Structures are given as C-alpha cells and as structure tokens.
Amino acid sequence: MVSLRRLAAAIPLIASLALVGCAGDGGGLQSQKLATIKGRGKLICGVDGKLPGFSFVGPDGSYSGLDVDVCKATAAAVLGDARKVDYRDLNSSERFAALASGEVDLLSRNTTYTLSRDAAGGNGLNFAPTVFYDGQGVMVPNSSGIKNLKDLAGKPICVESGTTTELNLADRMREIDTPYTPLKFQTGDQTYAAYLQGRCVAVTSDRSQLAGKRTSFPDPAAHTLLPDTLSKEPLSPATVNADPVWSDAVRWIVYALLQAEELGITQANVEAKVAEAKAKTNLADLRRFLGVEGDFGKQLGLPADFVVQAVKAVGNYGEIFERNVGTGSKLKLERGLNRQWKEGGLIYSPPFR
Amino acid sequence: MGSPIQAQAGAAPPWWRNRRLIPWLVQVGVGLVVLVLVAFLVGNLVRNLTAAGLLLSWSWIHNPSGFDIAETLLPFNAALPYWRALLAGLVNTVRVVIAGLVGATALGTLMGTASFSSNGLLRRLARIYVEVIRNIPLLLQLVFWYFVVFLQLPNGTAALQLPGVVLAKSGLYLGHTALVNGVWQGSLRFTVEFTALLTGLVVYTGAFIAEVVRGGIAAVPQGQWEAARSLGFSPLQTLQRIVLPQSLPVILPGLNSQYISLAKNSSLAVACGYTDLYSVAETTLNQTGRAVEVVLILLGAYLVIDLLISALMNGLNQLVQIKER
Numbered sequence: 001m002v003s004l005r006r007l008a009a010a011i012p013l014i015a016s017l018a019l020v021g022c023a024g025d026g027g028g029l030q031s032q033k034l035a036t037i038k039g040r041g042k043l044i045c046g047v048d049g050k051l052p053g054f055s056f057v058g059p060d061g062s063y064s065g066l067d068v069d070v071c072k073a074t075a076a077a078v079l080g081d082a083r084k085v086d087y088r089d090l091n092s093s094e095r096f097a098a099l100a101s102g103e104v105d106l107l108s109r110n111t112t113y114t115l116s117r118d119a120a121g122g123n124g125l126n127f128a129p130t131v132f133y134d135g136q137g138v139m140v141p142n143s144s145g146i147k148n149l150k151d152l153a154g155k156p157i158c159v160e161s162g163t164t165t166e167l168n169l170a171d172r173m174r175e176i177d178t179p180y181t182p183l184k185f186q187t188g189d190q191t192y193a194a195y196l197q198g199r200c201v202a203v204t205s206d207r208s209q210l211a212g213k214r215t216s217f218p219d220p221a222a223h224t225l226l227p228d229t230l231s232k233e234p235l236s237p238a239t240v241n242a243d244p245v246w247s248d249a250v251r252w253i254v255y256a257l258l259q260a261e262e263l264g265i266t267q268a269n270v271e272a273k274v275a276e277a278k279a280k281t282n283l284a285d286l287r288r289f290l291g292v293e294g295d296f297g298k299q300l301g302l303p304a305d306f307v308v309q310a311v312k313a314v315g316n317y318g319e320i321f322e323r324n325v326g327t328g329s330k331l332k333l334e335r336g337l338n339r340q341w342k343e344g345g346l347i348y349s350p351p352f353r
Numbered sequence: 354m355g356s357p358i359q360a361q362a363g364a365a366p367p368w369w370r371n372r373r374l375i376p377w378l379v380q381v382g383v384g385l386v387v388l389v390l391v392a393f394l395v396g397n398l399v400r401n402l403t404a405a406g407l408l409l410s411w412s413w414i415h416n417p418s419g420f421d422i423a424e425t426l427l428p429f430n431a432a433l434p435y436w437r438a439l440l441a442g443l444v445n446t447v448r449v450v451i452a453g454l455v456g457a458t459a460l461g462t463l464m465g466t467a468s469f470s471s472n473g474l475l476r477r478l479a480r481i482y483v484e485v486i487r488n489i490p491l492l493l494q495l496v497f498w499y500f501v502v503f504l505q506l507p508n509g510t511a512a513l514q515l516p517g518v519v520l521a522k523s524g525l526y527l528g529h530t531a532l533v534n535g536v537w538q539g540s541l542r543f544t545v546e547f548t549a550l551l552t553g554l555v556v557y558t559g560a561f562i563a564e565v566v567r568g569g570i571a572a573v574p575q576g577q578w579e580a581a582r583s584l585g586f587s588p589l590q591t592l593q594r595i596v597l598p599q600s601l602p603v604i605l606p607g608l609n610s611q612y613i614s615l616a617k618n619s620s621l622a623v624a625c626g627y628t629d630l631y632s633v634a635e636t637t638l639n640q641t642g643r644a645v646e647v648v649l650i651l652l653g654a655y656l657v658i659d660l661l662i663s664a665l666m667n668g669l670n671q672l673v674q675i676k677e678r
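If you read the sequences in order, they're chains H and C.
Residue numbering for the first sequence follows my numbering, beginning at 1 and increasing consecutively.
Residue numbering for the second sequence follows my numbering, beginning at 354 and increasing consecutively.
A portion of the hints provided could be inaccurate.
Which residues of chain H face chain C? A partial, calculated answer using Cβ under 10 Å [claimed, not checked]:
| id | residue |
| --- | --- |
| 1 | Ala97 |
| 2 | Tyr113 |
| 3 | Arg117 |
| 4 | Gly122 |
| 5 | Pro156 |
| 6 | Pro179 |
| 7 | Leu183 |
| 8 | Ala222 |
| 9 | His223 |
| 10 | Leu225 |
| 11 | Pro227 |
| 12 | Pro244 |
| 13 | Arg323 |
| 14 | Thr327 |
Straight-line alpha carbon distances no greater than 30 Å define the calculated BS3-like cross-link-like pairs of lysine-lysine that follow [said to hold, decoys possible]:
| id | chain 1 | residue 1 | chain 2 | residue 2 |
| --- | --- | --- | --- | --- |
| 15 | H | Lys38 | H | Lys232 |
| 16 | H | Lys330 | H | Lys147 |
| 17 | H | Lys50 | H | Lys312 |
| 18 | H | Lys312 | H | Lys278 |
| 19 | H | Lys38 | H | Lys278 |
| 20 | C | Lys617 | C | Lys522 |
| 21 | H | Lys150 | C | Lys522 |
| 22 | C | Lys522 | H | Lys147 |
| 23 | H | Lys232 | H | Lys155 |
| 24 | H | Lys50 | C | Lys522 |
| 25 | H | Lys50 | H | Lys38 |
| 26 | H | Lys155 | C | Lys522 |
Keep in mind the hints are simulated off the structure, nothing from the lab.
Predicted model only: the values in this text are computed from it and were never measured.
C-beta: ideal position from N, C-alpha, C; glycine also.
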C-alpha cells in the first residue's frame, strides 16, 4: 500500500493545481473564517436555489425559504445585517467541494446529516443542529396506479445523483427484493423534468422536497406521495471541520432560533423582550439569552446581541417554519417531528448557560 | 568558415559567452523551475490533505458500493465493490466512445465531402449543418436531444416503427422487435439515454470532422481533379481513388484531435442520465468523500483512453503517409 500511496502522491500535479489555494483555512483559537467574513462584510451561503420552501429565487431575484432564513439569521448575528449574504446555488454533487474549498462559508442546502459526511475521514463536515426532520419519499403520477414500493418492480425511477436518496433507494429496494432501474441526473431540475416527461414512473427525494417541487408542477394534484418512508433525513446546515470556532458560532445561532421559539420570543416582540430584560434584573435567563448580561456572544466570537439580531431578522424557528413550509405556505407541511420538544417534537435546544 | 573569428579569439571566451554552456544552463534552470513548481503543488496537496486527515488511501475501493447502475454490459449490483462499479462505468464510457467514433466519422466524412458536391442544395445544407452545430455548446445540445427530442417520443403502439427498428420513449430497439404487454422488446436494445448521448456526440463531433475532411480535400491540388476527369474518372471515382487517398495524410492528424475530444466530451453523459464513468465516479465520490483518489482515477482513465486513441491514430497516420522514394 505504501508504494502505491507514494506513487499516487507523486502523480497528482493536475489535482493539486485544482486544490491550490483551496485548503489552508486552518484555524487556531482565532477563527480565520469569522475574520474573513467580517473583513469581507458578507456571508457567502451555499443554497439549492431551486427548491420552493427551502431556498428559491423569487421573480424579483430575492432568495427566500427555510434554508435561506438560516443564512440570513447567521448574517444578522455575525454582521448585524440579514441582507449581507451572497448566495451561491449549488447542486448536490458540488456542495461539499464548495464548502471544503472555502468557496462558501456555510452550507444551508437541505443536506442530510450522516456519519460519513460528518466524519473527519469522510467528507469532514461539521453539522449545525437539524433544522428540518425529513424522511425520504417516493412520488408517482396518480394515473400510474402504483400504491407501494413493490409496484415499482422493473420500473425506471428518477433520482438525483450524489444524494443520500440515491443510496437509500438502492438499499431499500434490495431489502424488499425489488429490481428497478435508477435514472440518475446531476440536478434536481433535470430529475424532475425527466419525471414529468414520463421517462420514469416515480421520482424519489426527501418528502419535503417532493412536496416543494410539486407546487411548481403544471398539475400538482395529479401526483401523489407513496405512504412509504424510506429513511431518516435530518436536514442540517453544515460548516467545515477545520474551523471549530466558526462551527460553534453557527451551531449556537441555529440553537438560538430554536430557543427563541421555546421562550416565546418572536420577530415582533423581541425589542419589547430586550427592554423587559434590561428593566428586570431578576430575569437572569432571559438577560443572558438576549445578551443583556454575561458574555455568550464573546465566547462564540459574536456580538453580544447576536440572538436579538438573528430573531429580529427572521423570527424564531416556529415563525421561519410557518412562513416557508408550514400550513400557511404553499407547501402546507405539518410541523410533525419538527414541533418543539415540549409538544412532542424533536426541536430541542441545549440550555444557553 | 569562421576561422578568422576563432583565430581572433585565441583565449577561451568567458563562461557567459560559452555556446555550449549557456543552453545547458538554461535547460537546468527550466528543469529546476518545473521541479520546484511540482514539489510545491504536491507538497501543498499532501500538507493540506494531512491537515484535513485525508491522506490518500485506496482501501475503500473494495467496499460494497451500495448503489445500482441502470445499464451495464458487465453484470453489476449494489453488493459489488466500488472498483466493479467504476469498471462498469468505464465500460459504458468506452461503449459510447466507440459507437460515437464510428458514427461521427461516417457523418463527418459525408458532410465534409458534401460541401464539394455539384448539387448546390446539398452543399449549402452541409455548410449550415457545420455552422449551426459547432457554434452551440455540446451540453446544450445533449440536453436538447434528451429532453426535447427523445423524451417526447411516444411509447407503446404509437412509437416510431420501421422494419427492424423501433424508437420509443423507453429506448431504441433493433432487430426482432415485438410489443409485449405494452412494453417493447427487441433483440438489441439501447436505452433512450444512450441513444440521446450518442446522437449528441455524433452530431456535434461530426460537424468538426466535416471541417477536417473539407480541409483535407481542399488541400489536394485542383490539377488532380482535372487530371482525373481528363482520364475519364467519374466525380465519385475521382473522390474515391484520387482525392481521398491523397487527403488522408492531411485529415488524420486533425481527426485524431476530434476523436480525443469526443472521448473527453462523453463525460457530459450525466446531462442526459447515462451512467458513464464520470457519473459512477461522482456517486462514489459523494459516498466515500475520497475526492482526490476518485479524481485521480478519472484523470487516469480518460488519459489512458485518449492516449490509446492517439496511439492508434498515429499508427494509422504512418500507414497513409505518402511514401517518397
């Protein structure tokens, strides 16, 4: 193995050309990433850009969605202005390379948190808390008469390459001993186009994504999600392993959104809550959370009022969910697993202490 | 000659004017610069990979791949290791490249010679084909062929049918074709993805080859045509026996680079859903996170394919060179 390794190390002239200037964001106690973002005055956020409800470019060119709101909250917390974000549309294959190379500071692109993506020996990412608990589903046209996965035997299924869905599909179909033909495409647009053109009888992805894409179909009512859930898909923002200070900052900015909902702090009442915290010295918990006392912000390398800035920009987690994917939105998704832990969901922030 | 100068010099010239030393020094200098550059790049790669804990390792290649491949010549399933998946992808790439080379050569030669036709319509059509096709990016053309042409084909009884050929949304069927339970069967079946990719590559590369062929024919002196005609050769005979053989030495080197482009362009297969080496490598990369290793495999594979094509074409080129005696 050693000689092979040496040989391989000698060859990659071209590969290294591609990597020159990419890595090397090594952070000590000081965060190079935070310094870069502050110096640049902008957060560069990797998103999907074509997924209604999560990240979508509106007719006026502005981005919106749950993933986008995470970017905005982060920009508000770090830079004090939610508008200071540069969005990069990434497809599922290029997203990790874009993050690893430092092209984007934060990946907020409906990415499933998995072992191999997190591990230093795998993709080497660092995941922030899950912002959407999802599961993989399969969508079929109503007219196909397909009722469950077994009915898909021998049929072509469209799937986006470079996703966990591609692998879950293979695992599950092997498990139930059902042969099928995977048709892989590099982008979601191509995948859904091939499905709508009738090349595949089914398309598989995260249920939320299927629901989101369906809203832009010519006839959304003509397509159904099969009842089977193929996998757990906790969708989480991600940063690189190399800069733990920055990763922690992102992690706690997301937690702040969850905690704000738990504490009943909303976009509308956050100013009033700050005033209340300032007035009443006995509300120590609230005072620390909102940065009126203590140095949580400083410990993370963020401004003292980072929580206030984030909530002011996009609201708390519940508001973000409702606005983008909830029953009031086009996607009409139930909170389900994404309820607060006190209501039986999985949304839970560790204490701000 | 030059003896007066040498005589004048008498003593040896200073070293910076030594005709033998200077070129040698320049060579050493260039060599050093290249070495330093390579050392810097490799060092940088190894340093950064080590920092990221990602030093090159190849043990993953024996792990089960866990994904399926839609169409393969070699039997494949998700339980087989990554190297088998990559091999199946490579075979798929080679398959479309070989078919593409044959098709593009035929189409290119036809269109290249058509631009010398005495039929004005044919001549203009050939020109329009070349100008339109070579000025549109290949990726767009592939997307066009796949989504706009092939995926619009009907299925079942409405499919396009000729004796021995059926073209449906599910694919191209050749030989003995029959409709069984609403699904076409044929003795030879190509998926619509393969067909779309092949069409795209053939049409695109064909336009460039047409230009190469046209250039080669134009390089044959007009006198050769006239001489052939005065000897009673028909235009087709002139082309076959007099002009094409003489233009081959001009055509082949240009053809070589077009062949190489075709092989490299086949990596755009994923745009129309065909599982080639690049597509398999991408899935592998996504699963294993071994970006450098997978990219190295890709680099190596395409390099070998292209070097093989190049070697073949160079051999062929030597054969057709005009033997001067």
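Taking the hints in turn, this is what the structure says about them:
1. Ala97: 7 Å, holds
2. Tyr113: Constraint on H/Tyr113 not satisfied, violated at 14 Å.
3. Arg117: 7 Å, holds
4. Gly122: 4 Å, holds
5. Pro156: 8 Å, holds
6. Pro179: Since the shortest Cβ distance to chain C is 9 Å, the answer is holds.
7. Leu183: 5 Å, holds
8. Ala222: Violated, about 18 Å.
9. His223: 18 Å, violated
10. Leu225: With a minimum Cβ separation of about 22 Å from chain C (threshold 10 Å), the hint on H/Leu225 is violated.
11. Pro227: Result: violated, 23 Å to nearest chain C Cβ.
12. Pro244: 14 Å, violated
13. Arg323: 31 Å, violated
14. Thr327: 34 Å, violated
15. H/Lys38 / H/Lys232: The given pair, whose Cα atoms are some 36 Å apart, is violated under the 30 Å limit.
16. H/Lys330 / H/Lys147: Status holds; Cα separation ~25 Å.
17. H/Lys50 / H/Lys312: 26 Å, holds
18. H/Lys312 / H/Lys278: Judged against 30 Å, a Cα distance of about 17 Å means the pair holds.
19. H/Lys38 / H/Lys278: Since the Cα atoms of H/Lys38 and H/Lys278 sit roughly 28 Å apart, the hinted pair holds (cutoff 30 Å).
20. C/Lys617 / C/Lys522: Answer holds: C/Lys617 to C/Lys522 is near 27 Å, not above 30 Å.
21. H/Lys150 / C/Lys522: Distance of about 23 Å is within 30 Å: holds.
22. C/Lys522 / H/Lys147: Given that 30 Å is the threshold and the Cα spacing comes to 23 Å, the pair holds.
23. H/Lys232 / H/Lys155: 24 Å, holds
24. H/Lys50 / C/Lys522: Holds: H/Lys50 and C/Lys522 sit about 27 Å apart, inside 30 Å.
25. H/Lys50 / H/Lys38: 28 Å, holds
26. H/Lys155 / C/Lys522: 13 Å, holds
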